Amino acid sequence: MTPTHKVYIAGPDVFFRNASEVMQTKGEMAQAYGFHPSTLAEDGDALGGDTPFAFGLSIGLANERMMDESDFIIANLTPFRGISADVGTAFEVGYMRAQGKPCFAYSNTARDYYSRLTEDYYSGGPFEADGEVTRATDGLMIENHGMRDNLMLDTAVDQSGGAFVAEDAAGEDRLGDLAAFRAVLIRARAYFDAKA
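Each number in the numbering used here corresponds to the 1-based position in the sequence shown with 59 added.
Please keep in mind that the hints were generated in silico from the structure rather than gathered at the bench.
Note that the coordinates shown come from a computational prediction; the quantities given were computed from them, not determined experimentally.
Hints may contain errors.
Said to hold, decoys possible - Dumping the calculated DSSO-like pairs for lysine-lysine here, alpha-carbon to alpha-carbon at most 30 Å: (1) K65 to K160; (2) K254 to K65; (3) K254 to K160.
Using the sequences provided together with the hints, build the complete structure.
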C-alpha cells in the first residue's frame, strides 16, 4: 500500500533492549496500513553532544522536528514505570495535539486510571469522601472519570478526532504486545480514508 500520511510512533519502546527491532516492526506494520513511519535515520539528524545533557537535548530536538513533519501520532500509553503512561510520550501527545494533529493511542491494559490509582498506588485505601470528591489518606483527590489515563491524555486523543484503544495484552509482554497497536492502526486508516 502506498503511504498516504506520515505517522510519529511514540512510546517507551525506545527503552527496550530490542528497541531497534521493535521500532522496525512497528514501522513495517504502519507501512502495511498505508502510513509512512517517521524515523531519526531518514531525517538525518545527528545525535550527540559534548555532555550527556547536550546529547539528551539533541534527542529531544530531533523528536520535535519529526513531530513537526508528521501528520499524526500513535502513542503507546501502556503504564510505564508506574501507574501512568511514560511522561515523555505524554508530552509528545500534547505537542501533537497543540499542533491540531490527530492523536491516536493504545494501552496494553484495559484497567482504567482510577483502578490503577486506587488499587496499585494506594493499595486499596482507605479513602474518604469530601463532598463529591474522593481523597486518599494523604489528602490528595482521586481522579475518577472512567478514563484510560490522566484526563489530559484522554481529552487530547478524543478531541483531536483520534482513538484510544485499551485492551489487556494476551501474553506476558504487557508493555511490548502489538495487538492494540494493530487495532489503532486500523482506526487511523479508517479515519484518514473517511477524510479522503
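Here is what the structure says about each hint:
1. K65 to K160: holds, 11 Å
2. K254 to K65: holds, 15 Å
3. K254 to K160: holds, 13 Å
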